[in-house]
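There are 6 protein chains.
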Amino acid sequence: MINPILPSEFDKQDRVFFADNVNPSFEVEVKSLDYGPASIEGYYDETLAAPFVVKRVVDAGRRGFDAVIINCFMDPGLDAAREAVEIPVVGAGESAICLALMVGDSFSIIDPGPRNYVSYAPTRQVRRMGVENRFVSVRGAGVPVLEITKDLDKTTERIRLEVLKAVEEDGAEVVVLGCTGLAGLAPKVQAKLGVPVIDPALAALRMAEVLVQLKLPTSRASYPESPEKPRKLPF
Amino acid sequence: MINPILPSEFDKQDRVFFADNVNPSFEVEVKSLDYGPASIEGYYDETLAAPFVVKRVVDAGRRGFDAVIINCFMDPGLDAAREAVEIPVVGAGESAICLALMVGDSFSIIDPGPRNYVSYAPTRQVRRMGVENRFVSVRGAGVPVLEITKDLDKTTERIRLEVLKAVEEDGAEVVVLGCTGLAGLAPKVQAKLGVPVIDPALAALRMAEVLVQLKLPTSRASYPESPEKPRKLPF
Amino acid sequence: MINPILPSEFDKQDRVFFADNVNPSFEVEVKSLDYGPASIEGYYDETLAAPFVVKRVVDAGRRGFDAVIINCFMDPGLDAAREAVEIPVVGAGESAICLALMVGDSFSIIDPGPRNYVSYAPTRQVRRMGVENRFVSVRGAGVPVLEITKDLDKTTERIRLEVLKAVEEDGAEVVVLGCTGLAGLAPKVQAKLGVPVIDPALAALRMAEVLVQLKLPTSRASYPESPEKPRKLPF
Amino acid sequence: MINPILPSEFDKQDRVFFADNVNPSFEVEVKSLDYGPASIEGYYDETLAAPFVVKRVVDAGRRGFDAVIINCFMDPGLDAAREAVEIPVVGAGESAICLALMVGDSFSIIDPGPRNYVSYAPTRQVRRMGVENRFVSVRGAGVPVLEITKDLDKTTERIRLEVLKAVEEDGAEVVVLGCTGLAGLAPKVQAKLGVPVIDPALAALRMAEVLVQLKLPTSRASYPESPEKPRKLPF
Amino acid sequence: MINPILPSEFDKQDRVFFADNVNPSFEVEVKSLDYGPASIEGYYDETLAAPFVVKRVVDAGRRGFDAVIINCFMDPGLDAAREAVEIPVVGAGESAICLALMVGDSFSIIDPGPRNYVSYAPTRQVRRMGVENRFVSVRGAGVPVLEITKDLDKTTERIRLEVLKAVEEDGAEVVVLGCTGLAGLAPKVQAKLGVPVIDPALAALRMAEVLVQLKLPTSRASYPESPEKPRKLPF
Amino acid sequence: MINPILPSEFDKQDRVFFADNVNPSFEVEVKSLDYGPASIEGYYDETLAAPFVVKRVVDAGRRGFDAVIINCFMDPGLDAAREAVEIPVVGAGESAICLALMVGDSFSIIDPGPRNYVSYAPTRQVRRMGVENRFVSVRGAGVPVLEITKDLDKTTERIRLEVLKAVEEDGAEVVVLGCTGLAGLAPKVQAKLGVPVIDPALAALRMAEVLVQLKLPTSRASYPESPEKPRKLPF
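Residue numbers (my numbering), protein chains in the order written: chain V, 27 to 261; chain F, 27 to 261; chain L, 27 to 261; chain Y, 27 to 261; chain D, 27 to 261; chain U, 27 to 261.
One thing to keep in mind: the hints can contain errors.
Said to hold, decoys possible - Distance condition first, Cα-Cα at most 27 Å in a straight line; then the derived DSS-like pairs of lysine-lysine:
hint, chain 1, residue 1, chain 2, residue 2
1, L, K38, L, K176
2, Y, K258, Y, K81
3, V, K218, F, K255
4, Y, K38, D, K255
5, F, K191, U, K191
6, L, K38, L, K81
7, L, K255, F, K180
8, V, K38, V, K180
9, F, K191, F, K180
10, D, K241, U, K38
Said to hold, decoys possible - Among chain U residues calculated to face chain D with C-beta under 10 Å, some are:
hint, residue
11, N49
12, P50
13, S51
14, L127
15, S132
16, G220
17, P222
18, L242
19, T244
These are computed hints drawn from the structure, not numbers from a lab. For glycine and all other residues, C-beta sits at the position ideal for the given N, C-alpha and C.
Please work from the sequences and hints to get the whole structure.
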């Protein structure tokens, strides 16, 4: 599992979280990046992180891992990584949205922040996945990623509030948490709602296990091996 | 796992197949129906099978099973079953299509038969799932379900041919086998293609395991518990 | 016309309603089911009713009827029935939504209940019909089907309120009543709105007449005759 | 019924055709235009015809007609006419496509000509109607509208050929004839196909009858009455 | 540039506006219509204006202009004009929506009036363009076109209010002004929003320049030259 | 203008090409990357190039440029760059597809290579742009990017062949060249087709000029400025 950010307290938490949740036949190694941003809250961060994610994925491929999880809802480097290795690579965002399709009819995404907003237009990620007709809304909770754990009760409360609005005002029948920094929070905000709340980190873990067990290769038609050519990199 | 058809040789095969593939922490019981059709090749069969599927699902819920698999690509009784029980219920069709979204960009469905055809319009199931923009084509291989195992080499050859056409003529980057009667065939028709071929029975098995492990409830907003009311049934 | 529920007061009302509205060259026989639920308010009820609907349809085909109306917005057994007989079979939901496309640009569905809610995600039926881009919202009025006629004024008021909200808050330009139990109510809630309100029972009646008069066969490519095979049923 | 072209032999044929097919409680008057093109084969013709169609519609409204049919697949002046009068106005194209949704799953359009072509991208009309997901293909048969009746056998043969290709190569499950000049041809090209072929002139006739009988008003939210303002016209 | 309405004060304003904004290598001639409506606020007006627009376009083609702008958000006569001439023809609505796709992710349209409303269903124009998944909402500001300039401060205030609502309540990330009568207003309502507001008149001007400079022909496959045939017109 | 690849002969060609085509009031500086791949033929290359593209864009912003063109059909770093600077940033792929919407109804993309293929499923880029309903097909011409100029006649011939197939077999009404390495080729493959062929490099140049002249800001709602945070990079 790759945390596509600089080393942080998330690594330690995630080590515990993934160890607690992984199936017995697997083991998870948590790696963050040597280079990149401290958190991913937009395309700028995603783009800076992506080549280092790909490097970690290639490294994992060489070291004999069975699959790689990119532990961020924005799926940084996902497509590139799939071209670069033979083993399955999953992203937390894609996995969570995929899973949402299986437990209910329509879904909203709760983006922690930093802005507080609502939009009824499908996000780029949702359009890229081609699941616009299942999408209801995206809501921002106004919590910057690096402040998620500063006051976890407050974060939980804000997320819960947006989850509730998504369900009651927008008609969401499933809610997807839009950040792996919220790992473990789903049961707390889901209680009594009657609406499943998807944890993207767990979704990715399960999907990675599934792809390994199914021995299902990544489509080389979608993700062809990149041809040999000169590439010059400072890392 | 419910084979939504009358008892048949498929049950025995599926018992072996599912036992071979299930994760160690689970056990699969294979049940077919007391009433229903011998195979499901259209809406008529699906509709006749569905109430008996639901009955089996309710029974499984009462007997303490953790999840139920409806082992047919048409997902007979899936929505009703989700309303009827608390435990996760997965369908082979929905699971396979969902999984296809994770390993490549666009998918075709190979329907065994009975007709030999191609269509570029998304099927009702694909539209219902809201994934039309990932769909390429559906191709019928001209093999009636009850003849799949009569000459398995011939069946394999016909399926392989349509898989190839889907990839080369339509541009499919993932292929979904459109019948659980083809369980186990995927690796044989996938070889050397560079394109993953999804086995719907296996897809359903994995998704059932995932939903159990995630303790993710079915959305009661999508699948509300049916209110108490008079219902009169001859079974 | 098949009321896909157990015999009830609706049958009598519908006999009058359909007799009042049918074109002179047709006659309508109203039949409810020997088995099934007392009302259809979800997939569980729909699935239990469907095989008995199909049986009634097959029976109607044998008895020389020209067409069959399945008088429920959820269209239980519609696809199966089309495979089973040569004559046209129409569903109230499909007919109403189709008609909505002809009188305005965007439509909302008012679902009587039992829940009071709003959702901006296209329903499964709307997705199945492939008309998501014309859909605005679905609103639940909080009236259980079996209570519709208990206090008809109250029901009318609740429906009217949701119709109004659909028009003013969501931008609906046509409103589709989402239940045939509301037959006859459309003119009352439509008054002065400037927005047509579609009665699904009437829509189905008209569409059935149209298909008979056009001698338009059901597509055997979409609804192929089901092949002969063993089928075992307790009814 | 308005033939949105200059007076021609079509008028006489259509008088017979509509008289033969109309329901006993209705009478059809066929009117062509004083000004406009001799046939409509593109937007240029459609635009030139449209204001004269609207004039005819307004006139029909004043003269107490119950509904108006615009007898051309391109629906010239349809939207404008709906704003201009209280009575229902139907177009042959919209009616035919709507009806196609009720008899099968996916449809192709056969455009008489003048070009011979196939396209898998939804036409503007299909997109405007928002039914792209039910669309398969559009095929041009290479017969200019004014030559349709010159050699009717040849026309029939060309249309039949494209209908067949739509069904066998593209997977169409319903075929819509894309020109009212082909009125009456549907049964001839439909024979033995198992796939319904929609006659747009008949579709419009039936839909007009339905809207009148349902007393369903045109949505004033979609088609508001145009405000009073200076308008200067040379006709 | 064609103002598809009767001569009005808009012509003079537009002459200044276009002269101020056109690139040095171009010159703009502003022409209104001899016949048509005083303003375009619906399909009735659009249809009455369209043939006179086409006439002006054909005339411009003959007089050697390099391109034509149809200066109305509804794009009256656009498709017909493209068939009629070889030079590029652009519409203000299409140009503005196209441009919106390049500066942000999702857009709302602010329609001046005459009604005050909001709708979350894609408009016919948006569906025709096939960009529904980028659309958020359309809002009417309640200002009749002919009153836009009567009290420009009030108009600006009303537009600003709807722009704000589109951004804050609907989640619009770009706003398109839905009327060329609002030319020049964009900067005033855009200030401090962080969201671009598109002026359709300017969008059309730029797109016309672009198409001329690119020497990009209009697709004759989409807009074939209309075949010679009798056409009788009173103008 | 940024060539998102290592320095190459393309730089020199592009300097001439852009100088020849830019409007007099602008000047274009062509910059390639210090680090990155020699060509971009997939997500792996795109991801490796993107951060260096963003760096170049930030640099251009600081040096007072008015806009930046990312000269590759895959738009590497486009979203990130828009977050990073105030000035407009355009990508060749997005610009070309946007322009295609203005000159015809449906478009195909010709991807130079390296594979020779056809697919009828909208590409990720097309889905991300939300213009699936205008898309017809994507065809690969089997020419690796680095071999485009080796035998330009052969390349032209191969591209011309796929353009023709897109038009004749798929029904494309506009063709978009899917690689800026094909700059200048459009007129050669367009001749006599009646179908416009879009040059993505030129499309980007024009769109950049347009955005500068319109003073239209990038939407900060879509592309918010990235918050300050630790970021560690080896370049």
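A quick look at each hint next to the structure:
For the hint linking K38(L) to K176(L), the alpha-carbon distance of about 16 Å falls within 27 Å, and the restraint holds. Between K258(Y) and K81(Y), the direct Cα distance comes to roughly 14 Å. Compliance with the 27 Å bound is thereby established for this hinted pair. Straight-line distance between C-alpha atoms of K218(V) and K255(F) comes to about 25 Å, which keeps the hinted pair within the 27 Å bound. Straight-line distance between C-alpha atoms of K38(Y) and K255(D) comes to about 20 Å, which keeps the hinted pair within the 27 Å bound.
As the CA atoms of K191(F) and K191(U) are separated by approximately 18 Å, the hinted pair is consistent with the 27 Å bound. Restraint check: the Cα-Cα separation between K38(L) and K81(L) comes to about 21 Å, which is no more than 27 Å; the hinted pair holds. With a C-alpha separation of about 22 Å, the suggested pair K255(L) and K180(F) falls inside the 27 Å cut-off, and the hint holds. As the CA atoms of K38(V) and K180(V) are separated by approximately 22 Å, the hinted pair is consistent with the 27 Å bound.
At roughly 17 Å between alpha-carbon atoms, K191(F) and K180(F) fall within 27 Å of each other, so this suggested pair holds. Between K241(D) and K38(U) the CA atoms are separated by roughly 24 Å; this keeps the pair inside 27 Å, and the hint holds. Of the supplied interface hints, the one on N49(U) holds, with its beta-carbon coming within about 7 Å of a beta-carbon of chain D, less than 10 Å. Interface hint at P50(U): satisfied, since its Cβ lies 7 Å from the closest Cβ of chain D, which is below the 10 Å cut-off.
Interface restraint check: S51(U) against chain D, minimum CB-CB distance 7 Å, threshold 10 Å, status holds. A least Cβ separation of about 6 Å between L127(U) and chain D falls short of the 10 Å threshold, and the interface hint therefore holds. Hint on S132(U) holds. Least Cβ distance to chain D is approximately 8 Å, under the 10 Å limit. A cut of 10 Å between beta carbons decides the hint on G220(U): the least distance to chain D is about 4 Å, and the hint holds.
Evaluation of the P222(U) hint against chain D yields a held restraint, the C-beta minimum of about 5 Å falling below 10 Å. Look at L242(U): its Cβ gets to within about 5 Å of chain D, closer than 10 Å, so that hint holds up. Interface restraint check: T244(U) against chain D, minimum CB-CB distance 6 Å, threshold 10 Å, status holds.
Checked against the numbered hints above, the structure breaks none of them.
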